[in-house]
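Chemist: Here is what each chain is made of, one letter per residue.
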Amino acid sequence: MSTHTQTHGHDEHHEIGPKTLIMVWLALTVLTVVTIYIALYDFGRALNIIGAMTIASIKASIVAYYFMHLKFEDKLTWVYALYPMFLLFLLIATTIMETFTRNPALY
Amino acid sequence: MANGTAHDTMAEPSFYEPKGFMSWLLTTDHKRIGIMYLVTISFFFLVGGVFALLMRYELLTPEADFLSPHTYNVFFTMHGSLMVFFFIVPGVAASLGNFLIPLMIGARDVAFPKLNLGSYWVYLAGTAILFGALLQPADTGWTYYTPYSVQSQTDVVLITLGVFVLGFSSILTGMNFIVTIHKLRCPGMTWSRLPLFIWASYATAILQLLATPVVGITLLLLIAERTLGIGFFDPAKGGDPILFQNFFWFYSHPAVYIMVIPAFGIISEIIPVFAKKPIFGYKAIAYSSFAIAIISFFVWLHHMFVSGISETAAAIFSFLTMLVAIPTAIKVFNWTATMYRGSISLESPMLYALSFLFLFTIGGLTGVYLGALAVDVHLHDTYFVVAHMHYVMIGGTVFGFFGAIHFWYSKWFGRMFNELVAKIAWFFFFVGFNVTFFPQFFMGVQGMPRRYATYPAEFQTYHEISTYGSWILAVGVVIMFVNLIAGLFSKEKAPVNQYGSLSLEFTVPSPPPHENFKDIPTVTDWTYGYGKK
Ligand SMILES: [Cu+2]
Chain D
1 MSTHTQTHGH
11 DEHHEIGPKT
21 LIMVWLALTV
31 LTVVTIYIAL
41 YDFGRALNII
51 GAMTIASIKA
61 SIVAYYFMHL
71 KFEDKLTWVY
81 ALYPMFLLFL
91 LIATTIMETF
101 TRNPALY
Chain X
1 MANGTAHDTM
11 AEPSFYEPKG
21 FMSWLLTTDH
31 KRIGIMYLVT
41 ISFFFLVGGV
51 FALLMRYELL
61 TPEADFLSPH
71 TYNVFFTMHG
81 SLMVFFFIVP
91 GVAASLGNFL
101 IPLMIGARDV
111 AFPKLNLGSY
121 WVYLAGTAIL
131 FGALLQPADT
141 GWTYYTPYSV
151 QSQTDVVLIT
161 LGVFVLGFSS
171 ILTGMNFIVT
181 IHKLRCPGMT
191 WSRLPLFIWA
201 SYATAILQLL
211 ATPVVGITLL
221 LLIAERTLGI
231 GFFDPAKGGD
241 PILFQNFFWF
251 YSHPAVYIMV
261 IPAFGIISEI
271 IPVFAKKPIF
281 GYKAIAYSSF
291 AIAIISFFVW
301 LHHMFVSGIS
311 ETAAAIFSFL
321 TMLVAIPTAI
331 KVFNWTATMY
341 RGSISLESPM
351 LYALSFLFLF
361 TIGGLTGVYL
371 GALAVDVHLH
381 DTYFVVAHMH
391 YVMIGGTVFG
401 FFGAIHFWYS
411 KWFGRMFNEL
421 VAKIAWFFFF
431 VGFNVTFFPQ
441 FFMGVQGMPR
451 RYATYPAEFQ
461 TYHEISTYGS
471 WILAVGVVIM
481 FVNLIAGLFS
491 KEKAPVNQYG
501 SLSLEFTVPS
511 PPPHENFKDI
521 PTVTDWTYGY
531 GKK
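Protein chains in written order, with the numbering used here: chain D, 1 to 107; chain X, 1 to 533.
Please note: incorrect hints may appear among the correct ones.
What the hints assert, rightly or not - Short derived list, chain D residues pointing at chain X, Cβ under 8 Å:
id : residue
1  : K75
2  : Y83
3  : M97
4  : E98
5  : T101
6  : L106
Simulated from the structure, these hints should not be mistaken for laboratory data. A quick note: this is a predicted structure, and the numbers were derived from the prediction, not measured. Even for Gly, the Cβ is constructed at its ideal location relative to N, Cα and C.
Produce the entire structure from the sequences given, and follow the hints as far as they go.
Modeler: Here it is in structure tokens:
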């Protein structure tokens with residue numbers, strides 16, 4: 001795998017054209033506006049949080065994919081990008097699971 | 001593979017060449033950066049050790065007659081913080097990792113030499129903040145648990161900020177090593193020929209890279225809680241004090257393996273050389289480092305069984321904790337099997353490696369006791385935990401680390417220490433360590449809680465033995481340091497290959513020249529072909 005990456009891993013001719021860059025910028029701007037807009041309405045606490053976090057995740061993914069060049073990276077880089085996501089999921093999911101399965105008699 | 005470059009030893013003029021104080025401070029040479037880490041972490045090891053000796057002296061009698069309870073609290077906080085965050089976490093990985101990784105894989109330096117120097121300076125910045133924190137030192141214990149760390153009148157913010165800054169050093173070093181191991185292996189150095197120290201360093205680097213950010217955020221949340229009163233961890237404001245423990249241990253359990261996996265690598269290098277046999281179960285040892293690195297993320301709740309967490313979560317994590325024992329045991333069995341029918345010579349590095357096997361096994365198995373739910377309820381926060389943790393941290397990591405310093409000393413410094421004195425130092429250290437910590441298992445089982453300056457008189461005999469042991473241990477450490485420092489000034493130059501190792505770093509002169517290899521070597525075999533002359 002490593003020899004494969006050495007042959008064309010670090011050549012700098014993976015350019016992203018101005019068209020794509022503008023599209024990405026527009027997408028990020030629109031999503032920012034949407035975030036602000038939905039914050040003005042009360043969908044219930046849970047839905048508001050889920051909505052805001054979903055949009056934030058989409059924006060972060062776009063930034064990582066285009067601006068941070070994940071699009072052009074090899075599998076190994078993807079592993080290092082995605083495994084922390086899994087760990088973050090584990091941390092949040094377990095903490096929530098732990099909180100909601102506590103013995104109510106003790107609290 | 002070990003070819004005759006002995007004549008180069010005589011021609012070696014200087015210590016990694018460029019001269020002057022600034023050439024050290026601004027060096028990008030991985031060997032020098034390794035030395036700078038070694039000196040700095042040794043300093044914190046000694047300071048942390050002095051705190052420990054003073055605490056042990058206080059515990060000679062049941063009353064708080066030498067230190068006030070508050071001073072005692074401060075001392076165990078400083079002892080824990082220094083030893084964990086300033087010595088042992090950056091310690092082996094940054095000092096030995098820096099020195100050995102490029103030499104072992106046949107590279108001239110790490111992948112990002114300037115970033116490597118940057119990591120060291122970030123580490124120094126963290127220590128500078130620590131010195132500021134000593135003006136009004138914290139008394140929370142090294143875990144900085146909420147709610148007390150939010151309420152304490154001492155300076156919790158500065159010391160946690162210091163640890164936060166140190167974290168970046170750890171992350172950058174980890175990233176640097178991962179890229180180095182992927183990209184800079186010399187021709188022929190395939191994954192299946194890599195020295196096991198490299199496999200261990202890689203597994204450690206994953207943990208440094210992926211776990212450390214979590215403790216950084218956690219400490220930042222704590223600082224925000226103290227300074228801005230936000231309420232992440234305050235039930236009155238809708239927070240949860242156990243949340244802090246969840247976050248803290250999500251890092252700090254993997255951190256245990258940041259501390260000990262490099263020692264696994266060291267032992268895998270030392271034992272075959274002194275048993276004159278190929279390592280047994282190469283793949284099993286290599287992969288088990290990764291298994292540990294991955295599983296260690298799934299067990300953190302075992303530190304919180306009695307903190308009021310849910311019983312369901314506790315049961316799941318008690319089960320998961322048992323899984324870590326499997327790859328660890330695989331390693332111990334393979335090291336033992338390596339020595340079977342070997343021609344074993346007991347020089348100082350091997351004495352440390354054998355002590356590691358013995359002490360780490362005790363440390364690991366007592367961890368299984370603590371991971372078992374019902375037993376932990378009884379043993380939690382007693383001296384049993386203190387003993388277990390020190391058997392892992394000292395008996396495992398520090399014994400491995402000292403063994404490594406003796407083993408690679410000649411390569412690193414181009415000189416030799418006195419072998420007889422080294423053995424005497426090991427003897428005092430080994431005996432002192434066991435006399436100090438073994439009685440603590442008994443104390444803990446009988447219910448002696450940790451972190452108290454005073455105790456019921458019935459525990460005095462155990463505490464006395466433990467304190468006397470700490471003096472023996474200290475004598476060993478002092479002899480060892482004096483011997484190693486005296487070795488630097490010895491006239492006699494060290495040979496290229498002191499112990500007959502087949503590893504790549506023992507093919508270059510002692511000390512290695514500035515960029516290690518005149519020509520990048522080509523490797524044709526693995527490094528463990530011992531005993532087939
Ligand atoms: Cu743990």
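Chemist: Hints broken by the structure, by number, lowest first?
Modeler: 1
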